[in-house]
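**Student:** Here is what each chain is made of, one letter per residue.
Protein chains: 2
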Amino acid sequence: MKSHSVFCVSDHTGVTVEAVAKSVLAQFPALEFSLIALPFIDSPEKARAAAARIAATPGALVFSTLTDPALRAALRDSRASLFDVFDLVAPAVEAALGLAATPSGGRTHGMANDYESRMDAVNFSLALDDGLQPQRLDQADLILVGVSRVGKTPSALYLALQYGLRVANYPLTPDDLEQDSLPGVLLAHLPRLRALTLSAERLAAIRQVRYPDSRYASLRQCRDELAAAKRLFGQHGLPVLDTTRMSVEEIAARLRYS
Amino acid sequence: MKSHSVFCVSDHTGVTVEAVAKSVLAQFPALEFSLIALPFIDSPEKARAAAARIAATPGALVFSTLTDPALRAALRDSRASLFDVFDLVAPAVEAALGLAATPSGGRTHGMANDYESRMDAVNFSLALDDGLQPQRLDQADLILVGVSRVGKTPSALYLALQYGLRVANYPLTPDDLEQDSLPGVLLAHLPRLRALTLSAERLAAIRQVRYPDSRYASLRQCRDELAAAKRLFGQHGLPVLDTTRMSVEEIAARLRYS
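Protein chains in written order, with numbering that gives the first Met the number 0: chain A, 0 to 257; chain B, 0 to 257.
Hints should not be assumed to be uniformly reliable.
[Claimed, not checked] Below, in silico cross-link-like pairs of lysine to any residue (SDA-like), each with a Cα-Cα straight-line distance of 25 angstroms or less:
{"id": "1", "chain 1": "B", "residue 1": "K21", "chain 2": "B", "residue 2": "L136"}
{"id": "2", "chain 1": "B", "residue 1": "K21", "chain 2": "A", "residue 2": "V239"}
{"id": "3", "chain 1": "A", "residue 1": "K21", "chain 2": "B", "residue 2": "S42"}
{"id": "4", "chain 1": "A", "residue 1": "K21", "chain 2": "B", "residue 2": "A25"}
{"id": "5", "chain 1": "B", "residue 1": "K1", "chain 2": "A", "residue 2": "K1"}
{"id": "6", "chain 1": "B", "residue 1": "K1", "chain 2": "B", "residue 2": "P90"}
{"id": "7", "chain 1": "A", "residue 1": "K21", "chain 2": "A", "residue 2": "P90"}
{"id": "8", "chain 1": "A", "residue 1": "K21", "chain 2": "B", "residue 2": "L87"}
{"id": "9", "chain 1": "A", "residue 1": "K21", "chain 2": "B", "residue 2": "A100"}
{"id": "10", "chain 1": "B", "residue 1": "K229", "chain 2": "B", "residue 2": "G163"}
{"id": "11", "chain 1": "A", "residue 1": "K45", "chain 2": "A", "residue 2": "L34"}
{"id": "12", "chain 1": "B", "residue 1": "K21", "chain 2": "A", "residue 2": "K229"}
{"id": "13", "chain 1": "B", "residue 1": "K1", "chain 2": "B", "residue 2": "R52"}
{"id": "14", "chain 1": "A", "residue 1": "K1", "chain 2": "B", "residue 2": "A95"}
{"id": "15", "chain 1": "A", "residue 1": "K1", "chain 2": "B", "residue 2": "K21"}
{"id": "16", "chain 1": "A", "residue 1": "K45", "chain 2": "A", "residue 2": "L30"}
{"id": "17", "chain 1": "B", "residue 1": "K1", "chain 2": "B", "residue 2": "Q26"}
Since the hints were made in silico from the structure, they are not lab data. Note that the structure is predicted; figures quoted are calculated from it, not measured.
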């Protein structure tokens with residue numbers, strides 16, 4: 000099948016324009032697309048170079064979130080099919096607000112304060128990874144609990160990086176799972192606990208990579224641990240998220256609003 | 000100043016619709032907006048509840064990336080100013096492709112393979128954080144180097160989480176900085192080394208939070224370390240990224256394409 004070349008042009012990281020392009024193109028399942036990211040197009044020279052590259056690609060589609068009129072004009076010179084997200088969305092917003100848009104750099108990120116609170120959150124989440132420093136759990140926004148390799152660490156780090164939340168994580172060991180309640184150190188923090196679980200098959204596959212053919216990675220051990228954890232979560236009425244079919248973005252977004 | 004309520008409605012995490020809303024609204028600097036995220040609106044019941052909440056908010060603006068026609072119809076019942084990103088962008092794409100869009104769940108994430116490669120990358124980046132396991136540096140996609148607290152760890156983790164890259168990081172200690180070349184363990188990997196730097200003022204402020212009024216956090220010490228690191232980077236011709244005014248997204252996107 001012929002693959003359409005799709006350029007994603009942005010004056011910044013390109014995360015937004017790539018997400019819009021992927022979402023819209025997902026609605027043309029009969030076609031194949033290959034995405035080419037052109038981020039940091041923030042000068043007329045770079046915009047002209049991008050336009051030349053696009054013009055040399057027959058049948059190219061171009062998604063753009065450029066806001067500077069001069070850069071957008073340069074891009075139009077490529078004569079490709081151009082989908083300018085702001086051109087398409089801003090007029091409707093202008094009409095609703097009764098106010099003309101002022102093209103700005105479009106920088107919605109990059110604020111030092113935001114950066115620092117997120118870096119603080121990452122440092123916190125690393126410092127309280129895997130049950131470390133339980134005496135600081137009272138400083139956590141959320142505390143993820145679950146058995147080994149259920150995805151606590153990546154979820155905690157993503158919540159910290161993306162949303163600036165201070166997220167500790169606490170592993171339930173086989174010893175913990177034999178008890179009648181969650182570890183004592185967690186009981187003072189029940190409202191901020193969030194439980195993670197997975198299908199036993201997924202968990203076994205993940206553990207298998209780490210310790211092939213071990214008891215730890217056996218389907219039976221995974222089933223037993225997950226069942227014991229489920230019993231403990233139920234005991235304390237914890238919200239439980241089954242992450243079996245979720246991306247890390249989805250896990251983080253669901254935990255954020257849980 | 001009156002603040003406009005802006006709802007961001009998505010059938011998934013809402014990352015895309017929030018990014019579009021923020022970018023477009025940044026072009027109305029005279030107005031104030033308060034964003035309300037409504038993610039995971041994936042059933043007619045949830046869409047009706049969202050519409051009712053929006054209808055109860057006078058003057059609300061609504062950005063949406065819903066793709067299911069039934070859910071979008073429910074949202075229109077709110078009678079608010081609705082900016083449906085797909086409604087606004089998809090017709091232009093349909094016209095260019097000469098093909099009608101097929102509304103799908105719009106799930107561009109959530110693929111298990113993708114999840115696993117990113118989790119692998121996170122585990123790798125944690126295992127090779129802060130100079131750990133240098134014998135595995137040959138398995139890294141990128142190796143970040145720089146002085147203490149320059150932002151190596153969060154940048155490495157973001158690259159792993161967002162792009163699935165295996166990113167080690169290696170700190171340059173005061174001892175390393177007195178040498179005539181980078182640490183020997185790095186020399187076999189020069190093409191994959193990326194240097195990070197910061198202004199001395201920013202670095203001192205960051206270190207100050209960790210060890211107030213220490214020599215380590217003094218402006219003079221930070222200046223000396225950064226100058227010595229710069230000399231070493233120049234010696235080996237490493238690409239150097241000054242992250243002083245960058246968000247972690249921008250750092251990661253720039254390193255990805257460096």
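**Student:** Now, for every hint given, state plainly whether the structure supports it.
**Tutor:** So, going through the hints one by one against the coordinates:
Taking the CA atoms of K21 of chain B and L136 of chain B, the gap is near 39 angstroms; set against the 25 angstroms cutoff, the hint is violated. Taken as a hint, the K21 of chain B and V239 of chain A pair is broken in the structure, with Cα atoms around 31 angstroms apart against an allowance of 25 angstroms. A threshold of 25 angstroms between alpha carbons decides the hint, and for K21 of chain A with S42 of chain B the separation of about 22 angstroms falls inside it, so the pair holds. With a C-alpha separation of about 23 angstroms, the suggested pair K21 of chain A and A25 of chain B falls inside the 25 angstroms cut-off, and the hint holds.
At most 25 angstroms may separate the alpha-carbon atoms for a hinted pair to count; K1 of chain B and K1 of chain A exceed this at roughly 51 angstroms. For the given pair, K1 of chain B sits about 34 angstroms from P90 of chain B by alpha-carbon distance, which is inconsistent with the 25 angstroms threshold. This hinted pair checks out: K21 of chain A and P90 of chain A have alpha carbons roughly 23 angstroms apart, not beyond 25 angstroms. Taking the CA atoms of K21 of chain A and L87 of chain B, the gap is near 15 angstroms; set against the 25 angstroms cutoff, the hint holds.
As the CA atoms of K21 of chain A and A100 of chain B are separated by approximately 13 angstroms, the hinted pair is consistent with the 25 angstroms bound. Taking the CA atoms of K229 of chain B and G163 of chain B, the gap is near 29 angstroms; set against the 25 angstroms cutoff, the hint is violated. Note on K45 of chain A and L34 of chain A: the hinted pairing holds, with a Cα-Cα distance of about 19 angstroms set against a maximum of 25 angstroms. Restraint check for K21 of chain B and K229 of chain A: the C-alpha separation of about 39 angstroms exceeds 25 angstroms, so the hint is violated.
At roughly 20 angstroms between alpha-carbon atoms, K1 of chain B and R52 of chain B fall within 25 angstroms of each other, so this suggested pair holds. Between the alpha carbons of K1 of chain A and A95 of chain B the distance comes to roughly 16 angstroms, so the proposed pair stays at or under 25 angstroms and holds. Proximity of K1 of chain A to K21 of chain B is assessed by CA-CA distance (about 35 angstroms); at most 25 angstroms being required, the pair is judged violated. Distance check on the hinted pair: K45 of chain A and L30 of chain A sit about 30 angstroms apart at the alpha-carbon level, beyond 25 angstroms; violated.
For the suggested pair K1 of chain B and Q26 of chain B, the alpha carbons sit about 17 angstroms apart, so the restraint of at most 25 angstroms is met.
In this structure, the hints that do not hold are numbers 1, 2, 5, 6, 10, 12, 15, 16, in rising order.
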